[in-house]
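4 protein chains.
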Amino acid sequence: MNTHFSHITTLRVRYGETDQMGYCYYGNYAQYFEVGRVEAMRSLGMSYRLLEERGVMLPVSEFSVHYIAPALYDDELTITTVISGLKGPRLYFDYTIEKEGKLIATATTTLVFVTKDTMRPIPPPNDFVNLMHPYEQEQ
Amino acid sequence: MNTHFSHITTLRVRYGETDQMGYCYYGNYAQYFEVGRVEAMRSLGMSYRLLEERGVMLPVSEFSVHYIAPALYDDELTITTVISGLKGPRLYFDYTIEKEGKLIATATTTLVFVTKDTMRPIPPPNDFVNLMHPYEQEQ
Amino acid sequence: MNTHFSHITTLRVRYGETDQMGYCYYGNYAQYFEVGRVEAMRSLGMSYRLLEERGVMLPVSEFSVHYIAPALYDDELTITTVISGLKGPRLYFDYTIEKEGKLIATATTTLVFVTKDTMRPIPPPNDFVNLMHPYEQEQ
Amino acid sequence: MNTHFSHITTLRVRYGETDQMGYCYYGNYAQYFEVGRVEAMRSLGMSYRLLEERGVMLPVSEFSVHYIAPALYDDELTITTVISGLKGPRLYFDYTIEKEGKLIATATTTLVFVTKDTMRPIPPPNDFVNLMHPYEQEQ
Numbered sequence: 001m002n003t004h005f006s007h008i009t010t011l012r013v014r015y016g017e018t019d020q021m022g023y024c025y026y027g028n029y030a031q032y033f034e035v036g037r038v039e040a041m042r043s044l045g046m047s048y049r050l051l052e053e054r055g056v057m058l059p060v061s062e063f064s065v066h067y068i069a070p071a072l073y074d075d076e077l078t079i080t081t082v083i084s085g086l087k088g089p090r091l092y093f094d095y096t097i098e099k100e101g102k103l104i105a106t107a108t109t110t111l112v113f114v115t116k117d118t119m120r121p122i123p124p125p126n127d128f129v130n131l132m133h134p135y136e137q138e139q
Numbered sequence: 001m002n003t004h005f006s007h008i009t010t011l012r013v014r015y016g017e018t019d020q021m022g023y024c025y026y027g028n029y030a031q032y033f034e035v036g037r038v039e040a041m042r043s044l045g046m047s048y049r050l051l052e053e054r055g056v057m058l059p060v061s062e063f064s065v066h067y068i069a070p071a072l073y074d075d076e077l078t079i080t081t082v083i084s085g086l087k088g089p090r091l092y093f094d095y096t097i098e099k100e101g102k103l104i105a106t107a108t109t110t111l112v113f114v115t116k117d118t119m120r121p122i123p124p125p126n127d128f129v130n131l132m133h134p135y136e137q138e139q
Numbered sequence: 001m002n003t004h005f006s007h008i009t010t011l012r013v014r015y016g017e018t019d020q021m022g023y024c025y026y027g028n029y030a031q032y033f034e035v036g037r038v039e040a041m042r043s044l045g046m047s048y049r050l051l052e053e054r055g056v057m058l059p060v061s062e063f064s065v066h067y068i069a070p071a072l073y074d075d076e077l078t079i080t081t082v083i084s085g086l087k088g089p090r091l092y093f094d095y096t097i098e099k100e101g102k103l104i105a106t107a108t109t110t111l112v113f114v115t116k117d118t119m120r121p122i123p124p125p126n127d128f129v130n131l132m133h134p135y136e137q138e139q
Numbered sequence: 001m002n003t004h005f006s007h008i009t010t011l012r013v014r015y016g017e018t019d020q021m022g023y024c025y026y027g028n029y030a031q032y033f034e035v036g037r038v039e040a041m042r043s044l045g046m047s048y049r050l051l052e053e054r055g056v057m058l059p060v061s062e063f064s065v066h067y068i069a070p071a072l073y074d075d076e077l078t079i080t081t082v083i084s085g086l087k088g089p090r091l092y093f094d095y096t097i098e099k100e101g102k103l104i105a106t107a108t109t110t111l112v113f114v115t116k117d118t119m120r121p122i123p124p125p126n127d128f129v130n131l132m133h134p135y136e137q138e139q
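Residue numbers (my numbering), protein chains in the order written: chain A, 1 to 139; chain B, 1 to 139; chain C, 1 to 139; chain D, 1 to 139.
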């Protein structure tokens with residue numbers, strides 16, 4: 001029985017990421033999820049930097065986030081990234097953010113493999129498909 | 001028959017908002033929608049700045065965006081903000097972004113009225129409810 | 001007697017640009033000065049976007065800012081940008097930020113004309129030099 | 001003979017921090033230097049978070065940076081932060097950023113101790129002065 005590929009990374013809320021409510025600004029979570037998925041792909045054996053150098057890009061087409069409790073300045077956050085699916089040119093990620101063991105946010109993104117030349121969708125590179133092979137990819 | 005309150009604002013993509021793909025970074029749209037709803041509320045007669053000074057805050061609890069086509073550096077974007085609902089402490093907004101008449105993104109947010117003292121949900125202020133009165137608020 | 005080319009633009013501090021001190025975060029001024037110089041160049045007749053499309057880039061090599069008083073959420077800021085010099089591949093700008101007629105920040109930047117191919121310094125494009133001709137360029 | 005207090009921290013350039021030139025946007029370095037000085041103060045035994053909770057704030061009054069070579073996406077940067085001086089309410093930091101052993105940026109900031117109540121300058125807290133005591137503070 002396969003399971004999804006999952007990866008954990010941590011980061012600290014920067015001062016410049018807070019807003020005058022004293023919360024981490026809701027728009028800054030997008031960078032946290034990006035860090036989560038880049039590190040997840042790196043640990044799977046796929047450098048996003050090298051992917052781009054090969055002419056393949058992965059823009060985000062859908063992004064959805066549920067804010068449960070605020071992240072505050074200097075909080076250490078644990079981001080769990082799950083590669084939840086790969087279907088045609090689309091790559092799906094699920095995320096959770098926890099602080100001190102408490103769930104504070106969940107999110108999902110859809111990314112699309114495109115070629116740098118035309119920015120049109122393309123099938124995922126074979127080496128990425130092979131790296132994903134041991135893992136479940138229902139969607 | 002009532003209709004939803006709707007407001008249009010324009011802004012230009014800044015250089016620092018692009019990423020190395022040449023797109024406006026997906027995380028920066030959150031600020032654009034915030035500009036949209038702040039200006040929508042201002043045109044309705046409600047200053048978000050004054051609301052905070054009265055001890056009422058409006059953190060975002062849900063945020064969802066669909067990216068249809070990229071926004072590029074220096075593009076002038078037209079953001080249409082619709083106040084789509086008010087239900088208990090929750091305030092719902094829908095957004096579209098167009099460039100040169102073409103739809104490039106849609107989004108929704110849910111915000112929650114909270115009191116600054118405890119950050120617990122509260123009913124919307126009466127003056128805001130009155131301002132919303134002429135408009136449809138189904139949700 | 002010539003004078004420097006000068007341009008005024010206004011913008012409003014966004015919520016996401018504040019920090020938990022309630023100030024506009026010190027790092028966000030860089031974007032404001034960039035808006036100032038892009039609009040200054042546009043009003044002079046030079047689109048920075050078109051410049052890049054012609055293979056010429058203008059990275060910043062020096063940036064210095066003096067924060068006199070805070071910019072707060074929703075403040076409308078007046079940015080005055082002066083093209084203070086052009087010397088070899090280097091382009092110099094001076095900036096002031098005012099709110100309600102009061103000076104709250106001053107800054108300077110040095111930018112360098114480089115060619116996209118090699119990112120090496122190049123002389124400024126002739127059409128830019130011609131646009132600058134009526135103005136004083138001591139440095 | 002005393003020396004300045006110095007601290008090294010590392011971070012990786014995020015995708016959202018690049019611009020369409022493919023460089024880390026010049027405005028994003030401000031956050032990197034902030035991470036540098038917060039971690040320097042933490043390693044000295046002073047939490048900036050706790051400092052604020054005690055009603056003391058440290059806004060930036062001067063910021064100057066020299067960009068020598070670009071930081072690119074996914075580069076791992078080494079930030080060296082030196083507490084270079086403490087004079088009245090003013091705290092001075094010097095910074096360098098290196099990648100792969102090569103210097104790519106230098107910077108300085110001046111911060112001012114202020115009290116949260118009035119945002120007026122105050123002498124640095126005694127415990128901070130004591131922590132600084134072993135180190136040279138000429139300025």
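Because the hints were derived from the structure by calculation, they are not lab data. Note that CB positions come from ideal geometry on N, CA and C, so glycine has one too. Among the hints, erroneous ones may be present.
As the list claims (entries may be wrong) - Have a look at the derived ranges for each label pair, beta carbon to beta carbon:
#1 A:Thr118 x C:Asp117: 57 to 63 Å
#2 B:Lys87 x C:Thr3: 41 to 47 Å
#3 A:Thr118 x C:Thr3: 34 to 40 Å
#4 C:Ile122 x A:Thr118: 25 to 31 Å
#5 B:Lys116 x D:Pro134: 37 to 43 Å
#6 C:Arg90 x D:Pro123: 40 to 46 Å
#7 D:Thr10 x C:Pro59: 21 to 27 Å
#8 C:Ile122 x D:Ile68: 15 to 21 Å
#9 D:Lys87 x C:Ala69: 18 to 24 Å
#10 B:Lys116 x A:Pro125: 49 to 55 Å
Status of each hint after checking the structure:
1. A:Thr118 x C:Asp117: 57 to 63 Å: Given a distance of about 22 Å, which is not inside 57 to 63 Å, the answer is violated.
2. B:Lys87 x C:Thr3: 41 to 47 Å: violated, 58 Å
3. A:Thr118 x C:Thr3: 34 to 40 Å: violated, 48 Å
4. C:Ile122 x A:Thr118: 25 to 31 Å: Holds, since C:Ile122 and A:Thr118 (Cβ atoms, about 30 Å apart) stay within the stated range.
5. B:Lys116 x D:Pro134: 37 to 43 Å: holds, 42 Å
6. C:Arg90 x D:Pro123: 40 to 46 Å: holds, 41 Å
7. D:Thr10 x C:Pro59: 21 to 27 Å: holds, 24 Å
8. C:Ile122 x D:Ile68: 15 to 21 Å: holds, 18 Å
9. D:Lys87 x C:Ala69: 18 to 24 Å: holds, 21 Å
10. B:Lys116 x A:Pro125: 49 to 55 Å: holds, 50 Å
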